[in-house]
Amino acid sequence: MRLEPYFEFAKKAFAREATYRLEVFTEIGSLIVRVYLLRSVWTALYAQNIAPMNLPLHSMITYATVALLMSLILEVDGTRLIREKLREGTIATDLMKPISVPFYFFSDGFGQTGLHALLVIPCILFALLLVHIDVPSAPVFAMFLLSFAVGYLLNFFVNFVMNAIAFWTLETFAIQLIVRWVSDLLSGQIIPLTFFPGVFGRIVFALPFAAIYSTPLLIYVGVIHPQDYGRYLLVQFLWLGLFSTLSLFMWRAAARRVVIQGG
Amino acid sequence: MPPIIRTHDLRKTFRSPKRRPGVSGALRTLFSRAYEEKVAVRDVTMELEPGELVGYIGPNGAGKSTTIKMLTGILVPTSGTIEVAGLVPHERRNDNARNIGVVFGQRSQLYWDLPLVESFELLRAIYSIPKDRYRENLQRFIEMLEMEPFLRTPVRQLSLGQRMRGDFAAAMLHNPRIVYLDEPTIGLDVVAKEAIREFVRHINQDRGTTIILTTHDLADVERLCRRIILIDKGTIIYDGTVDHIKEQYGTHRTLVLTLTEPHPNPVLEETEIESNDRGLVRYRFDRRRVRPDQLIREATERYELRDVSIEEPDLESIIRRIYVEGYEQEPVNS
Ligand SMILES: Nc1ncnc2c1ncn2[C@@H]1O[C@H](COP(=O)(O)OP(=O)(O)OP(=O)(O)O)[C@@H](O)[C@H]1O
Ligand SMILES: [Mg+2]
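Each protein sequence line maps, in turn, to chains X and S. Just so we're aligned, residue 1 is where the first sequence starts under this note's numbering, counting upward by one. Just so we're aligned, residue 1 is where the second sequence starts under this note's numbering, counting upward by one.
Just chain S, with the same shape it has in the complex:
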């Protein structure tokens, strides 16, 4: 199957009047034609197959939301090409709108003064969703997202978690082929997050909906995505599987020992002590140079242990390292 989303050298440059400090600066701003240019998205090329669920990850200001806005058609690219389900979004905004569903965690698309269910009715009319399909979808969503208790509450009175559930349902009512989720779990408690993740999984797997998910909560990504695209300063720095990046960066493991008696310097060969807190010692080691079972044997010979465990690096610590140090094909191991 051909890709459902395709961008090539996509670029967005924002132009804003150059501001100068002070009153005279403000006056000069009024009359001068000097502009400041900011490249928010720089030559982004990506392809998504139908049915993929891709995590779009990057630090604040990396250009994620800007990319998504271009994909929805509400932002015109400065250069490059986009095609979403065969359409150029900003040229065919209305047709594109029928193919997509969007959830912005920061901004609701529900109608503020109306009870939640009336926003749904409005969307039924907007997308001309057939009555029976509407009823069926709504029923399923109400169950999955447990919306029954607040269905008749005006949106402005809903809690953040309730509103987000409403927003998810609203974005999926018309069975979009593609869904963009921009920080959809921001500010949610663990239970709500779990409900949302389960819902996203359902939409992706049971309906085959293509999803781009932007989030700062890497647990979302670990739970949902096989593939991630990393973007930094507008440029894609990694596009591949979560497993691959873990493999690549996961050369180090952590051995955690709980000693029966605290020890001032409980050394082990080929390791580096990360911390030593009243008998709880964390060692960092390179699994290519020493096997964990060797380490454990050595440790049992030298010290009296109450507990042993080995920690795998999680995505969060890997991503944090990439944000700080930048991405390299073959990361150097310190």
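Bound-form chain X, shown alone:
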């Protein structure tokens, strides 16, 4: 496959996002405020002994801050395009070009991610200098990056499936909101999954949401030990395999519908 078109798609998406300059700066500002607020909240909760203590306060603040920075990258949804394009029939224009349309969605999302990743840099500096988050050793950090990369891909495919489902079923804003909220909660983005007790905790750990946020985060703060890396990564890869296959099938079905029924 020629990569040039996709590289170009990514570049254009990056440029497009960069034109919303005001939003970019408000985003940085709001992120810094949120990092600061989270630190205060967790500090207060720990002082009151309200939070379960299986993570020291310092690790907790690190966890929450890194989670926030990750969310800046993971909240990009390059696949929202499918739903719009399928619904409005504009997908036909893309199908008339010599490209792989799903890969086009991915490149577009990737370009947007690129810009968001740039935004993360000032926030990282802020987090390091003022919040004093922990920095893990190089091998642990490398493992975190690997796990994060897998989580990023998985996130793309989960979004792909969600958007494709929304194309076929009736969707309401309320349902979307609930799904979003549940997945945020169960992904470990807000509360570490180690806080969930017993069987419930074990179920939550096995869900695909955990493979997006929780696994890289727990590697970062050292809750997942090196001897368990393989097991956790295996779970991540299994979900990735499942959701990418599912995405492929849903894309085929959607494309078939377009070429048979004319959209």
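FYI, nobody ran anything at the bench for these hints, they're computed from the structure. Among the hints, erroneous ones may be present.
To be verified - Negatives, chain X to chain S, calculated, CB over 10 Å:
1. F25
2. P56
3. V223
4. Y229
Claimed, not checked - Output of the computed footprint for chain X on chain S, the stretches with three or more beta carbons under 8 Å from beta carbons of chain X:
5. 67 to 78
6. 86 to 100
7. 113 to 119
8. 122 to 130
Cβ coordinates follow ideal geometry from the N, Cα and C atoms, glycine included.
Place chain S with the ligands on chain X using the hints.
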């Protein structure tokens, strides 16, 4: 040379769930498996030689866009065969895409958030157009379509006419061998239409590109096409030259007289008065039964004239008649 586009008994049937009125109807629609079938294109057979520019004409809902979508490969035919430049479009969508350029007047292929020129750059990457050919094409198109002033404007801020020029350039950048134009002049002013027609002519004549043009503006066809294919209710009803159909339907002419003094009933032999408005009289006559010069002589003898002219039937009035009355090999003359 073998035909570059060939379809045989091409048919497309759309199936949609049968809808019933009312709430209970909607519920029954949900559970029943009843479908409504609509034949949009019915056994269309056509062949185009390389370098032809054919007008594909028909009333709303005739099946023109459906045919074009099948030719592009984004719609799979229900039955029949298609071959475009040796490929079956829907089986080789990507390869076919490299051979064709498409302009849909109703829908843009430009990237909405990007400045126009960046859409072009993107297309350069998509079709891997060599850099020098890209520059050369772009330069020529910018000149021909006068795009310089809005090259850096985001597409969503362009006027319809500007956007259409952009869409034309976008469709031709990769030097496609075949171009489909589906109502490309819709909503354009006379100047823009002229620019587009000139551009289409350039692409067809200087590059030898094969073009299928769908339009409701028959002036486009008269200016550009030698051959037309007429389609109605999914079926081809005429395939031949514009001249031939004019010949066939053009047995009647109109004589227009301006009388010095208004006359209540200024009759002439072998004619039928179409209208008589304060001395401006229009007569319809069959040129096989009476010669125009005879008529004019007769008119000068009987009435005092300020002006005389004879009007040829234009394509538009012929097509209008075919839409209303249907096409017949030997049209009866009323
Ligand atoms: N996706 C679809 N599903 C069901 N019916 C369709 C679909 N697309 C087109 N049709 C029907 O097929 C017929 C032909 O439509 P088509 O768009 O090809 O007409 P057209 O000749 O392009 O008309 P126009 O001049 O109005 O653009 C119409 O009756 C239309 O309602
Ligand atoms: Mg149409």
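Worksheet item: Taking each numbered hint in turn, which are not upheld by the structure, reported in ascending numerical order?
Response: none
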